[in-house]
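Go by the hints and put chain R onto chain C.
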Amino acid sequence: MAANVRDWAIKFSEASDNDPTIGAMARYFTCTYLWDMGPVKVIIEMVDGKVYRVNIDPGGLDAYDFALRASPQSWREFAQPIPKPMFHGIWSASFRKDLKIEGNTLVLMQNLRNFTVQFELLRKVGVPV
Amino acid sequence: MAKHSPVTGRFVTIDVDGCEYKVFYLQNGQGTPLVCQHTAGCHNHQWRDLLEDPDITQNYNVIAYDLPRHGKSDPPHNKEWWKEEYKLTAEHFMKFIVKFCDALELENPVFMGSSFGGNVALQLALHHPERFRAVIPVEAAEYAPGFYLDLWRFPHANSAQVCASGTWDLMAPQSPEKDRWLTWHYYTQGSEAFKGDLYFYSVDHDLRNDLGQIDTGRCPVIMMTGTYDYLTPPEATKATASKIPGGIYIEMEDIGHFPMSENYPLFKVYLKEALHIIEGRTDD
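If you're matching them up, the sequences are chains C and R in order.
Here the first sequence stands for residues 233 to 361, numbered as in the working numbering.
Here the second sequence stands for residues 22 to 305, numbered as in the working numbering.
No lab work stands behind these hints, which were simulated from the structure alone.
Be aware that one or more of the hints could be misleading.
[Said to hold, decoys possible] The list that follows gives simulated cross-link-like pairs (lysine to aspartate or glutamate, EDC-like), each with its CA atoms no further than 16 Å apart: (1) R:Lys264 to R:Asp227; (2) C:Lys329 to R:Glu256; (3) C:Lys316 to R:Glu274; (4) R:Lys293 to R:Asp74; (5) C:Lys316 to R:Asp275; (6) C:Lys273 to C:Asp249; (7) C:Lys356 to C:Glu277; (8) C:Lys329 to C:Asp268.
[Stated by the list, open to error] Reference excerpt, derived from the structure (chain R facing chain C, CB under 10 Å, subset only): (9) Gln48; (10) Gly52; (11) Gly167; (12) Val183; (13) Asp190; (14) Leu191; (15) Met192; (16) Thr248; (17) Asp275.
A virtual CB, placed ideally from N, CA and C, is assigned to each residue, including glycine.
So that you can see chain C by itself, here it is in the shape it has in the complex:
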């Protein structure tokens, strides 16, 4: 599992760092967030539009600004090339499915454009669950 998550972290970081849509407006894309996929949790630290660090084994005291939590099944649906209705975004899944958005959501809103693009990269790189 750990190797799988490590490989995923590398793939995700490369996809994000090379994404032209993020790159077009990346300068102030700085925040830290948790993706809780059930058995796998990662904390992604963004600095100036680049993935600065992916913590693939977060401890209980590791800090983040906001978190997205959902079942592994939902994360697998998010990562389909064309997700089914209601699994096609963080708003749809939080309104109609089991996605919970927690923490300092102001930081999410401040970075919403790029975070949304980044979330959809899962359709290309998959999820480690």
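Same frame as chain C, but now just chain R:
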């Protein structure tokens, strides 16, 4: 030679509840007037492809206006509008639409609107059936709570991006990227009005006890919703249509909450079906 569009834009000044509105609208076509309302926090470019579609404009006079405070339609020129919070009500919204149609001397127009435009279409069918040949509420429901949120104009975030990216996944992932980003672009331009529009959409609009009074013999109601709409999901529209005597529901596969703007070629398939039904139910 200049590549001019057949679409023309004009301003018309109307009075609604003492508000002097200089309203901008786009127009193209001939025949039955088809009046189009954009979604909350947006403007009439959402109807750009419909306005230029000769399949439709050969028989329909397509008119898409900017609601006041949106696009090129200013807030009221005779009011100190900046001194009070904007909250759109059903009453004012309906009065505006009727006054606009009167000003353009439109006879028996079809009214079509999406999202909050769809919800006001239901209101028009209930309160002004004599004024409209039919209504097409798109992505509408009897009641749509949950979107009147402070975050749309929170001063600590870029509201333009919050509104545009906050509505991003109201669109289907299959819709062309170019059209989704154009819709995103329009949404960056209406953030100051978005929350006030949603006062109507999520708070003031509530027809849960009134749908049975809609007379579809006088004003047919053809409702259409996309399968990727999380805000007004298909089951909400279907349930609404089923409570309207004679109400019709058409489900639109693989499209979202902004169908005319995010994927017009697909939307057109369903729109033609709706117009065909209306043509069969009305005399002229």
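Here is what the structure says about each hint:
1. Annotation: proposed proximity of lysine 264 of chain R to aspartate 227 of chain R holds, straight-line Cα distance about 14 Å (limit 16 Å).
2. For a cut-off of 16 Å, the pair hint linking lysine 329 of chain C to glutamate 256 of chain R stands: about 15 Å separates their Cα positions.
3. A C-alpha spacing of about 11 Å is found between lysine 316 of chain C and glutamate 274 of chain R, which places the hinted pair at or below 16 Å, so the restraint holds.
4. For a cut-off of 16 Å, the pair hint linking lysine 293 of chain R to aspartate 74 of chain R stands: about 12 Å separates their Cα positions.
5. Pair hint lysine 316 of chain C plus aspartate 275 of chain R holds up; C-alpha atoms about 9 Å apart against a cutoff of 16 Å.
6. A hinted pair counts as satisfied when its Cα atoms are at most 16 Å apart, and lysine 273 of chain C with aspartate 249 of chain C does not qualify at roughly 21 Å.
7. For the hint pairing lysine 356 of chain C with glutamate 277 of chain C, the CA-to-CA distance comes to about 20 Å; that exceeds 16 Å, so the pair is violated.
8. With a C-alpha separation of about 15 Å, the suggested pairing of lysine 329 of chain C with aspartate 268 of chain C holds against the 16 Å cut-off.
9. The beta carbon of glutamine 48 of chain R comes no nearer than 34 Å to any beta carbon in chain C, farther than 10 Å, and the hint placing it at the interface is violated.
10. Interface hint at glycine 52 of chain R: violated, since its Cβ lies 35 Å from the closest Cβ of chain C, which is beyond the 10 Å cut-off.
11. With a least beta-carbon distance of about 7 Å to chain C, the hint placing glycine 167 of chain R at the interface is held under the 10 Å criterion.
12. About 5 Å separates the beta-carbon of valine 183 of chain R from the nearest beta-carbon of chain C, less than 10 Å, and the hint is met.
13. Look at aspartate 190 of chain R: its Cβ gets to within about 2 Å of chain C, closer than 10 Å, so that hint holds up.
14. With a cut of 10 Å, the hint placing leucine 191 of chain R at the interface with chain C holds, because the nearest CB-to-CB distance is about 7 Å.
15. Using the Cβ-Cβ criterion of 10 Å, the hint placing methionine 192 of chain R at the interface with chain C is satisfied: the shortest such distance is roughly 9 Å.
16. With a cut of 10 Å, the hint placing threonine 248 of chain R at the interface with chain C holds, because the nearest CB-to-CB distance is about 5 Å.
17. Checking aspartate 275 of chain R against chain C by beta carbon gives a least distance of about 9 Å; that is within 10 Å, so the hint holds.
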